[in-house]
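Asks: In order, the protein sequences belong to chains S and W. Mapping the first sequence onto my numbering, position 30 (from 1) lands on 83, and the numbers just tick up by one. Mapping the second sequence onto my numbering, position 10 (from 1) lands on 425, and the numbers just tick up by one.
No lab work stands behind these hints, which were simulated from the structure alone. Just so we're clear, the structure is a prediction, and the values are computed from it rather than from any experiment. Take the hints with a grain of salt, since some may be wrong.
Unchecked claim - Pairwise CB distance ranges, derived in the manner of DEER restraints:
hint : chain 1 : residue 1 : chain 2 : residue 2 : range
1    : S       : 73        : W       : 451       : 19 to 27 Å
2    : W       : 426       : S       : 56        : 42 to 50 Å
3    : W       : 474       : S       : 284       : 22 to 30 Å
4    : W       : 450       : S       : 184       : 27 to 35 Å
5    : W       : 451       : S       : 162       : 38 to 46 Å
6    : W       : 504       : S       : 72        : 45 to 53 Å
7    : W       : 421       : S       : 169       : 49 to 57 Å
8    : W       : 506       : S       : 56        : 52 to 60 Å
9    : S       : 146       : W       : 439       : 33 to 41 Å
10   : W       : 474       : S       : 177       : 36 to 44 Å
11   : S       : 190       : W       : 507       : 32 to 40 Å
12   : S       : 162       : W       : 472       : 55 to 63 Å
13   : W       : 507       : S       : 213       : 19 to 27 Å
No residue lacks a Cβ here, since even glycine has one placed at the ideal position from N, Cα and C.
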Amino acid sequence: MKKVMKFSIYRYNPEKDSKPYMQDYEVALQPTDRMLLDAILRIKALDDSLGLRKSCREGVCGSDGMNINGRNGLACITPIEGLKEPVVLRPLPGLPVIRDLIVDMGQFFKQYHSVKPYLVTHSPTPQKERRQSPEDREELNGLYECILCACCSTACPSFWWNPDKFLGPAALLQAYRFIADTRDELTRERLDDLEDPYRLFRCHTIMSCAEVCPKGLNPTAAIGKIKAEMVKRMV
Amino acid sequence: MVKRIVVGAHYGLRDWLVQRVTAVIMALYAVLALTWVLIERPADASAWQHGLHGRGVRIATFLFVLSLAWHAWIGLRDIFMDYIKPVGVRLACEVLVIVALLAQVLWAAEILWG
């Protein structure tokens, strides 16, 4: 059984095109094609000029984030079944387009690096390891799983308006991941750094981030917990 | 001129908290005021004047006006920060809003106690 599927894909090659345009494709799918990425690779076989990123094809590397029928997601874990045709594919919104579906993630990773996404300790290193109780470890669930695909930050209007100043949901989720870690000893500085009208407080809790996260994480809740920590130390 | 991104104003939490507290004050006042209107059904200006006569009512109403102004200031500044990029224009808008809100608060005080 062969199914033909219709696509409309954003194309832009700055070396050739004066402006972006949408290109229509019709592609015959094989019975083994389950996910959107399978279909895109069929298109890529027909037209190898189409640019996209992909790697693990199982929702772990986070490289094939794109806007699918108006909603950010990972092509490799979006089932073909149920997609409205023509399937409209665009690059992640709000980031500069390098080519076709490939965006420049520089700004996104700059914000991520700025939250110091690693454990910082001052106390002497213990002989074996820094211990953590199972209850304290529990708090990191829903935080450490982030794969940095940028689906959340590029779905956030606050990130669209101020990508250079507002950290965005992905970086804020990681900020809380280290604030919440009982082994980390930089909590005060981390909170000081986020006490800022732009870096944290551009978030107006509209929850687009939690809505689109392909891993089912909730950055809005993490942002709420950062604010709660700040209130706790202030009052 | 060097194009540099500057952040680190070290405020935000207090405003965020104030916005929530003022919202609660306004919500409580709105429920009480609406209940009064539904029960008393003030038909003319003298009925309204009578309703706003007590000291407690005046203080509560003024607290509502203050909350409204403070809440509006934070909300409008948020909108300016998102949409007005030139710093000079933004500052001018913010000053205008502060002056207008302060004038309205003073006007409300005059109406309540004048």
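Asks: Would you mind marking each hint as holding or not holding in the structure?
Replies: Checked hints:
Checking the proposed 19 to 27 Å range against residue 73/S and residue 451/W shows it is violated: the Cβ atoms sit about 58 Å from each other. Residue 426/W and residue 56/S have their C-beta atoms about 57 Å apart, which leaves the hinted 42 to 50 Å range violated. For the pair residue 474/W and residue 284/S, the beta carbons lie near 27 Å from each other, so the given range of 22 to 30 Å is met. Taking the beta carbon of each, residue 450/W and residue 184/S are about 57 Å apart, not inside 27 to 35 Å as hinted.
At roughly 56 Å, the beta-carbon separation of residue 451/W and residue 162/S lies outside the given 38 to 46 Å, and the hint is violated. At about 30 Å, the beta-carbon gap between residue 504/W and residue 72/S misses the expected band of 45 to 53 Å. For residue 421/W and residue 169/S, the hinted distance range of 49 to 57 Å is not satisfied, since their beta carbons lie about 19 Å from each other. For the pair residue 506/W and residue 56/S, the beta carbons lie near 59 Å from each other, so the given range of 52 to 60 Å is met.
Between residue 146/S and residue 439/W the CB atoms are about 35 Å apart, so this pair conforms to the stated range of 33 to 41 Å. One distance hint, 36 to 44 Å for the beta-carbon pair residue 474/W and residue 177/S, is violated here, with the actual separation near 58 Å. Checked against the hint of 32 to 40 Å, the pair residue 190/S and residue 507/W fails, with Cβ atoms roughly 51 Å apart. Between residue 162/S and residue 472/W the beta carbons are some 56 Å apart, a value that agrees with the proposed interval 55 to 63 Å.
Against the hinted window of 19 to 27 Å, the Cβ-Cβ separation of residue 507/W and residue 213/S comes to about 25 Å, which satisfies the hint.
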